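In my numbering, the protein residues as written are 181 to 476.
No lab work stands behind these hints: they were computed from the structure. One or more of the hints may lead you astray.
[Said to hold, decoys possible] Each computed PhoX-like pair below joins lysine-lysine, with the alpha-carbon atoms no more than 20 Å apart:
1) K237 <-> K264
2) K182 <-> K384
3) K182 <-> K453
4) K182 <-> K237
5) K453 <-> K264
Being a predicted model, the structure only gives us computed values, none of them experimental.
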Amino acid sequence: MKIGTRGSQLARWQADWVRDRLATHGARAEIVVIRTRGDAEVDRPLHELEGKGFFTKEIEDALLDGRIDVAVHSLKDLPTTLPKGLAVGAIPTRHDPREALVNGRSLADLPAGARVGTSSLRRIAQVRFLRPDLEVVPLRGNVPTRVRKVESRELDAALLAIAGLERLGLGDKGSVIDPLDVMPAPGQGALGVEIRADDKATRKALRSLHDDASAVAVTAERALLAALGGGCQAPVAAWVSREQGAESRLYGRVTDRDGAVQLTASAELDPGKPEAAGEAVARLLESEGAASLLAR
């Protein structure tokens, strides 16, 4: 079995994790590194580039033409509509989906004018809503590079997913942010293992990796994104709260790019109908004017 992945440290960690889990069930696999457009065009924020699937298209092309059998993605990078002939074969147990601030402090503690690094429209918009007095600085590159820019004092802080930090052994570099302050991307912290839709043998081999609870949560979040018509770079956030002993709840958020207006809505999540929760929250947000915010 050939597993396709990007070449970043985090992407390689994720692909290696899938390979090692498959090996415990007797499936042998090798890693194939594929360079994507998102890896090549690093001089501009992704939301300024035309198209979609910046970190997935080239890998999906290799999957479709048989050069690889499995593609491992950060699920938040995977468009909600897959190319014809492809399917998600497994969603492993999700890591912590929350955001983290690299610098050991909270957003509230940063002084006015502090330079905060991120190139995500979703993060930029939410930071501007919470702290319009901060300076948001474009920041791309792999996870260790972003951390180093804070440690070298090029930046005062940076926003990253805690999952990426912890997977690379850098969890102590960031402080987790309350998801109702800065809400994560739909699917953040989860992996999407993509296959050819008609490849029954590979689907069966991946069954041991799949986690139903994680799949329910990310399906609801991605249904929200799809219902709003947003792509992976849109300022749309989603988060499923799963408090012990309480009903799961899906939260959704749309923030305009300038951070002047922020809409948040939520609905109960029925594990048997995750798409319905996503669509319900999308309707609530649309009733408050989400479409006009996303069109700006």
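Comparing the hints with the structure gives:
1. K237 <-> K264: Holds, because 13 Å separates the two Cα atoms, which is no more than 20 Å.
2. K182 <-> K384: holds, 15 Å
3. K182 <-> K453: violated, 33 Å
4. K182 <-> K237: With a Cα-Cα distance of about 17 Å, the restraint between K182 and K237 holds, given a limit of 20 Å.
5. K453 <-> K264: violated, 24 Å
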